[in-house]
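Enquirer: Read off the chains here:
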Amino acid sequence: MTKHLLGIDGLDRGDVEHLLELSEHFLEVTQRDIPKVPALRGKVVVSLFYEDSTRTRISFETAAKRLSCDVMGFTVGSSSVQKGESLRDTVQTIEAMGIDAVVLRHPSAGAPALVASWVDASVLNAGDGCHEHPTQALLDALTLRRHVGPDLDGMRLAIVGDILHSRVARSDVLAFAALGAEVTLVAPPTLLPPSLDGWPVRVSHDLDEVLGDIDVIQLLRIQHERRNASLFPSLREYTARYGLTTERAARLRKDVLVMHPGPMNRGVEISAEVAEGPASVITEQVTNGVAVRMACLFSLLGSGEV
Amino acid sequence: MVEANASAAADSSHNRTNAATGTGDPVDPEGGVFAFRATVFDADDLRRAHTRIAHEIVERNHGAGDVVLAGLYTRGVAIAHRLATAIAEFESAEVPVGALDVAFYRDDIGIRPVQPLGPTELPGDVTGKVVVLVDDVLYTGRTVRAALDALHELGRPRAVQLATLVDRGHRELPIRPDFVGKNLPTQAGEDVRVRLVETDDVNEDSVELWVVPNDSGVQEPNTPESADAAGDAGESA
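Sequence lines, in order, name chains A and B.
If you count by this note's numbering, then the first sequence holds residues 1 to 306, one letter each, in order.
If you count by this note's numbering, then the second sequence holds residues 1 to 237, one letter each, in order.
In short, the hints are calculated from the structure, not lab data.
Computed from a predicted structure; not experimentally measured.
We put the CB at the ideal spot given by N, CA and C, even for glycine.
Take these hints with a grain of salt, some might be off.
[What the hints assert, rightly or not] Pairwise CB distance ranges (calculated):
#1 A:P278 - B:D44: 54 to 64 Å
#2 A:T54 - B:D149: 32 to 42 Å
#3 B:V27 - A:P150: 27 to 37 Å
[As the list claims (entries may be wrong)] Partner residues aside, some chain A positions facing chain B, computed with beta carbon under 8 Å:
#4 L22
#5 H25
#6 E28
#7 P38
#8 A39
#9 G302
[Claimed, not checked] Sample of chain A residues with no beta-carbon within 12 Å of chain B, all distances over it, derived:
#10 T54
#11 R88
#12 T90
#13 L196
Whole structure, please, built from the sequences with the hints as guidance.
Expert: Here's what the structure looks like:
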């Protein structure tokens, strides 16, 4: 194993299961009156976000603080990046102050791997372009595991929506496939990557056909910021065919879990009623995210291995 | 000191030969470098030790009223349950049992792989109670130090006491047990392994002594001689 968490790609089933087991321990910690342990006292973690984020950034910073790390936040908007400083110079400047880990979100796929080659600190990928978002996949798997037990073999997951631009979909596919689950991608052809050769998935263009044979459904947001305008006729048409509307949700088996990595566009990919409904585990995902990130930080900084 | 060390080495060599009854080197089932030397306590010894500790806990605390047993994973939890069962038999009192995982409080995080062993679960608020920490083997005292920190986060007990099935000496911290099942003088390079029916896939409880074979090339930790040797070999290390 390496000292970085750049993606689910490169982790095997044992690695993923180990991180999930560790996450369960940290979930117990986060439920205590004092949800904090001294495990990583003195370690310095920098969150370096080149893209907007609410939950991932706060989640990582909360996780680091609950491990007693010191956390430095870095906001691109108010930094020397605005004066033209390169990623490499920024990272090396921060590293010179003495840090143990960089949590990086960047619009370019591969940026975390690049940064990992420049610094001695551990690098945790908090989302890079359309590539990977490993901690999201781990928290999705943890959320399912909390409901059905540690064995995810044969569980059937549908990921619905903008697969083309989704780093979550990519990491989810790798993580759930590693755990033995069956993943079906559901999207119009224009929102799927040009080639899915080698992906351990099935593909469907018809959500209604899939609804009856799944255990979990993960809805993805339509990523307006990644120029989707020409990929489908209208949001209304998208919702009509691929949205988890209240009518569609009523056709799901009672124990099917509804997940969404957030942020949600209510009324587009998921109806507000479904998002708040009994099948929804969307807030559990957020809670589990802190535990998963604690596990990742502890694995990388606490024992030198994932 | 050199002489004593040499004699210790001769000892372990001798006993290792005894241990390796068949051909080839004995295999350490825990993946370490140790070889089996002897069973030092058997199931009857341990049963009596459990019973005595249970009585001592009740005697010291003038009853079992405020007592909470907190086992340290993994075997300490099993031992804590046994103590509670014993107390229930002679005192007709239900002593609550909890489990503490101390991994995130250890002082060797980042030095060696540290993994949590189970969920921390205390039976209700321990503030104002007498918490008896229970472990299988007391050695350096570092696990107990971590347990005290873990406990401190969960409440403010009126008193904390320490029960251990085996005290093997070699403390590195100012920690002293209140209740000891068996004192077992050991050398630093030896390993004491408690085998319990509940945790170890065995039919009978026992305590075993394992030793480092002296020709394995592994230095015994914590002895001044090996520290000197490491210093001498510093350039090549």
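Enquirer: Give a verdict on every hint.
Expert: The hints, checked one at a time:
{"no.": "1", "hint": "A:P278 - B:D44: 54 to 64 Å", "verdict": "holds (56 Å)"}
{"no.": "2", "hint": "A:T54 - B:D149: 32 to 42 Å", "verdict": "holds (33 Å)"}
{"no.": "3", "hint": "B:V27 - A:P150: 27 to 37 Å", "verdict": "holds (30 Å)"}
{"no.": "4", "hint": "L22", "verdict": "holds (7 Å)"}
{"no.": "5", "hint": "H25", "verdict": "holds (4 Å)"}
{"no.": "6", "hint": "E28", "verdict": "holds (5 Å)"}
{"no.": "7", "hint": "P38", "verdict": "holds (6 Å)"}
{"no.": "8", "hint": "A39", "verdict": "holds (4 Å)"}
{"no.": "9", "hint": "G302", "verdict": "holds (5 Å)"}
{"no.": "10", "hint": "T54", "verdict": "holds (27 Å)"}
{"no.": "11", "hint": "R88", "verdict": "holds (28 Å)"}
{"no.": "12", "hint": "T90", "verdict": "holds (27 Å)"}
{"no.": "13", "hint": "L196", "verdict": "holds (37 Å)"}
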